[in-house]
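Peer 1: Sequence:
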Amino acid sequence: MKLSSFLEDIKENEEEVVYYCCNHLLSKKFDVENDSINDDELKEMFVNYNNFSKLLNDSAGIIYKKYEADLNDVYKTMCSKFNEEHDNKYLFDFRLARVVNQEPAQFLDIEDKDTQETVIQKFEDKINTILESKYFNDNKITLSNDLIIPQRTLDLIKSAAKAS
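Residue numbers (this note's numbering): 7 to 170.
Everything labelled a hint here was simulated from the structure, so no lab data went into it.
All residues carry an ideal CB built from backbone N, CA and C; glycine is no exception.
Each hint should be verified, as a subset may be incorrect.
[Claimed, not checked] Calculated lysine-lysine pairs in the BS3-like style (CA-CA distance at most 30 Å, straight line):
no. : residue 1 : residue 2
1   : LYS60     : LYS82
2   : LYS95     : LYS168
3   : LYS87     : LYS71
4   : LYS95     : LYS60
5   : LYS49     : LYS132
6   : LYS71     : LYS82
7   : LYS168    : LYS82
8   : LYS71     : LYS132
9   : LYS82     : LYS140
10  : LYS72     : LYS82
11  : LYS8      : LYS95
12  : LYS8      : LYS35
13  : LYS132    : LYS95
14  : LYS140    : LYS60
15  : LYS128    : LYS146
16  : LYS35     : LYS17
17  : LYS35     : LYS60
18  : LYS49     : LYS72
19  : LYS119    : LYS140
20  : LYS71     : LYS60
21  : LYS60     : LYS146
22  : LYS128    : LYS164
23  : LYS82     : LYS34
24  : LYS49     : LYS60
25  : LYS119    : LYS132
26  : LYS72     : LYS119
27  : LYS87     : LYS72
28  : LYS95     : LYS49
29  : LYS95     : LYS17
30  : LYS17     : LYS82
31  : LYS146    : LYS82
32  : LYS132    : LYS17
[To be verified] Now the in silico label distances, taken between C-beta atoms and shown as ranges:
no. : residue 1 : residue 2 : range
33  : ASN40     : GLN157    : 18 to 26 Å
34  : GLU91     : ASN19     : 17 to 25 Å
35  : LYS119    : PHE88     : 40 to 48 Å
36  : LYS146    : ASN40     : 25 to 33 Å
37  : GLU47     : SER170    : 47 to 55 Å
All chains, please: the whole structure from these sequences, using the hints.
Peer 2: Here is the structure:
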């Protein structure tokens, strides 16, 4: 597919922030006016959440400030455009990577109790987001083991924080 045609379709049929993100993402790797890409490669650029977020990371401020939008909303729109469920393995893997290797010490070494409480709550929220996700619940039998260590880490952190 010609990238200029793809972007024109996005510009005509989606919100301005979606067009901005698509153009920004594609411009990093391609000459959007002249290059073409096969549909599978194009889909992979937008549906693979890790790549999607990395390529748009430098423009997060613009997305939030200028468009008052959220990257996840753009992701949902693009998944829909490619007939993919947005709550998918890519998003699960991205979220899991953010909770799986957390060391209790990094939470417990925070001296200010209010800050510590906030950071622990954010960690718990990340775990709960995974537990409540459609992809996780649809694949609970095979994915539950992936969350044992993060959940135990959270329990340990919470009990140690209360004791101190």
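Peer 1: Quick one, are LYS132 and LYS95 close enough, alpha carbons at most 30 Å?
Peer 2: holds, 16 Å
Peer 1: Compare the distance between the alpha carbons of LYS95 and LYS49 with 30 Å, and conclude whether the hinted pair is satisfied.
Peer 2: Within the cut-off at roughly 15 Å; holds.
Peer 1: Does LYS72 lie within 30 Å of LYS49 when you go C-alpha to C-alpha?
Peer 2: Distance of about 26 Å is within 30 Å: holds.
Peer 1: Could you say whether the range 47 to 55 Å given as a hint is met by the Cβ separation of GLU47 and SER170?
Peer 2: holds, 51 Å
Peer 1: For the pair supplied as a hint, LYS146 and LYS82, is the alpha-carbon distance within the 30 Å limit?
Peer 2: holds, 22 Å
Peer 1: For LYS95 and LYS60, compute the direct alpha-carbon distance and say whether it is at most 30 Å.
Peer 2: With Cα atoms ~17 Å apart, LYS95 and LYS60 stay inside 30 Å; holds.
Peer 1: LYS128 and LYS164: Cα distance at most 30 Å?
Peer 2: The given pair, whose Cα atoms are some 12 Å apart, holds under the 30 Å limit.
Peer 1: Would the hint linking LYS35 and LYS17 be met if the CA-CA limit is 30 Å?
Peer 2: holds, 19 Å
Peer 1: Hinted pair, alpha-carbon criterion (30 Å max): LYS119, LYS132. Please report holds or violated.
Peer 2: holds, 20 Å
Peer 1: Can the restraint linking LYS35 and LYS60 be considered satisfied, given a maximum Cα separation of 30 Å?
Peer 2: holds, 13 Å
Peer 1: LYS60 and LYS146: Cα distance at most 30 Å?
Peer 2: The given pair, whose Cα atoms are some 27 Å apart, holds under the 30 Å limit.
Peer 1: Does LYS119 pair with LYS140 here, judged by a C-alpha cut-off of 30 Å?
Peer 2: Not OK: LYS119 and LYS140 at ~34 Å, beyond 30 Å, violated.
When each numbered hint is compared with the structure, violations occur for hints 2, 7, 19, 26, 32, 33 and 36.
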